[in-house]
Amino acid sequence: MAAVAGSASAGANGSAAAHRVGAPTNPMATALLTDQYQFSMAYAYWKAGKHADRAVFDLYFRKNPFGGEFTVFAGLEECIKFIANFKFTEDDILFLQSVMPMCEDAFFDYLRKTDCSDVEVYSIPEGSVVFPKVPLMRVEGPVAVVQLLETPFVNLINYASLVTTNAARHRHVAGKSKVLLEFGLRRAQGPDGAISASKYCFMGGFDATSNVLAGNLFGIPLRGTHSHAYVSSYMSLDEIPDKSLKSKDGSRVCKDFVSLVKEWLQKIQLADSLCGVFGETNQSELAAFASYALAFPTNFLALVDTYDVMRSGIPNFCAVALALHDLGYKASGIRLDSGDLAYLSIEARKVFRTLEKEFNVPAFGKMIITASNDLNEETIDALNKQGHEVDSFGIGTYLVTCYSQAALGCVFKLVEINSRPRIKLSEDVAKVSIPCKKRCFRLYGKEGYPLVDIMMRESEPSPKAGERILCRHPFLESKRAYVVPQHVEELLQCYWPGTSNKPRVELPSLEEIRGRCMQQLEKLRPDHIRRLNPTPYKVSVSAKLYEFIHSLWLNEAPVGELQ
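Heads up: the sequence shown begins at 1 in the working numbering, then just goes up one per residue.
Derived by calculation from the structure, the hints in this document are not laboratory data.
On a predicted model such as this, the values are computed, not experimentally measured, just so you know.
It is possible that some hints are incorrect.
Once the Cα atoms are required to be at most 30 Å apart in a straight line, the calculated DSBU-like pairs of lysine-lysine come out as [as the list claims (entries may be wrong)]:
(1) 437 <-> 47
(2) 523 <-> 538
(3) 538 <-> 431
(4) 366 <-> 330
(5) 87 <-> 413
(6) 424 <-> 47
(7) 538 <-> 446
(8) 366 <-> 178
(9) 413 <-> 50
Ranges of calculated distance between the beta carbons of each label pair, as one might list FRET restraints [what the hints assert, rightly or not]:
(10) 468 <-> 339: 56 to 64 Å
(11) 512 <-> 487: 15 to 23 Å
(12) 93 <-> 518: 40 to 48 Å
(13) 449 <-> 385: 22 to 30 Å
(14) 299 <-> 518: 20 to 28 Å
(15) 556 <-> 62: 15 to 23 Å
(16) 428 <-> 299: 52 to 60 Å
(17) 22 <-> 238: 47 to 55 Å
(18) 217 <-> 559: 54 to 62 Å
(19) 503 <-> 430: 32 to 40 Å
(20) 550 <-> 37: 27 to 35 Å
Ideal placement from N, C-alpha and C gives every residue a C-beta, glycine not left out.
Based on the sequences and whatever the hints tell you, model everything.
Written out as structure tokens, the structure is:
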């Protein structure tokens, strides 16, 4: 990612900046996309003359999802697009006046002029592996404006990071060699859920989607075959009007492709190597396969479980595939959408390999076997333990709905105002915030794996490779360790400089973010990402920040009195 130097004036961060980064993917992501109490607080800030106070907020989460010990950060691009286009229209103002009649007209004049030109956003790069308590984003600016950004930012980060993490977990359990297809459009929570899922599943390691609009918007490869309805819509081979098919090299025309398919089906049924295992097949299914092959001879992949996989679907598919081979084409493979996927994939592969030898058809035994049918992380893991011959997994419902966890639980907490650190206390220590403007670093060990993330006060010197540093648990006094990092990576980078002169990091492409995600996961120690009892990754604070947290805690907490 390249950093662009130069001053970002209010004008540069206005229409020019919006043009540079583009509009939010969802047109509903406007300045009104926030909770009502954000406007109530904005008015109260304005009424008290505090609306321009310089505030610093951290956006972070408290616990990794899905019982794991890592999370993939996603949604940054949409947040930057949101603030680049943040502006109240006159219609917005009229609506707000109607629902907040108690507010003075001058407040709405203030809102008319409000944008994010004086807001600064520092963020961990999108696609990074992240951990609880470490700020994903630090947002600085006038308190009333930043307060209005809380809800949309949390909304844009929560699901994006959750589903990207879910996708990454599926990629990890499936392994690098398998093709993963996102098939969740029809089961997702509405159009926005579906579009977001396609984008972020690709970011998390999936290879393609069935979602055509997502393919158009984001350049994600598309995959799809046909449904059971297509197969059952045919009644006989007589329904195919044009039976001719030109060979792949264009040198000849097969005038009756259907007859060629029937000849091959007979050869399969009589093949010595198959010992007569195949008898009569469903002829309407054969008609559907032949018709589909005539439409897509270069990409013939058939759904074989409409009637009976082994007695009908497989022999019918093989007959069509072998007929295509006679004309120079190569069939892609099959999709299994029901039944014992491990057993059926193994048996189908046996048939493909047997026919490759029987009829001397190169690579016939290596045709793709795709499995679908309500797959999830657990079923793929179970298939791996059983042994299977599936090359590609089509995953929908459990992936895009994040069935095993409803939300990530991001929070947006004030940590400093007018250069004065603030802390949020709670009887639940996990909910105590870490105050002040911070810099965050990832410390790497000798083997190249990250050892610990450390948060420090902005005024502290950066940790250096080869120099020992004390890392402390934010709240537990006895948990501490010295670390001598071999490499140090600063995590927060400037993506929206406001009126400062800081260099701005350009937003990377979706493909680049996906690559970063895969590289980050490979850098993690295996025990941090294993499914069963993963080792928690260490998140720490510097000694000075630890002392400051507990000093501020004691200062802010009221002292009780016993009577």
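Here's how the hints hold up against the structure:
no. : hint                    : verdict
1   : 437 <-> 47              : holds, 26 Å
2   : 523 <-> 538             : holds, 15 Å
3   : 538 <-> 431             : holds, 18 Å
4   : 366 <-> 330             : holds, 11 Å
5   : 87 <-> 413              : holds, 23 Å
6   : 424 <-> 47              : holds, 24 Å
7   : 538 <-> 446             : holds, 16 Å
8   : 366 <-> 178             : holds, 14 Å
9   : 413 <-> 50              : holds, 18 Å
10  : 468 <-> 339: 56 to 64 Å : holds, 59 Å
11  : 512 <-> 487: 15 to 23 Å : holds, 21 Å
12  : 93 <-> 518: 40 to 48 Å  : holds, 45 Å
13  : 449 <-> 385: 22 to 30 Å : holds, 27 Å
14  : 299 <-> 518: 20 to 28 Å : holds, 27 Å
15  : 556 <-> 62: 15 to 23 Å  : holds, 20 Å
16  : 428 <-> 299: 52 to 60 Å : holds, 55 Å
17  : 22 <-> 238: 47 to 55 Å  : holds, 53 Å
18  : 217 <-> 559: 54 to 62 Å : holds, 56 Å
19  : 503 <-> 430: 32 to 40 Å : holds, 36 Å
20  : 550 <-> 37: 27 to 35 Å  : holds, 31 Å
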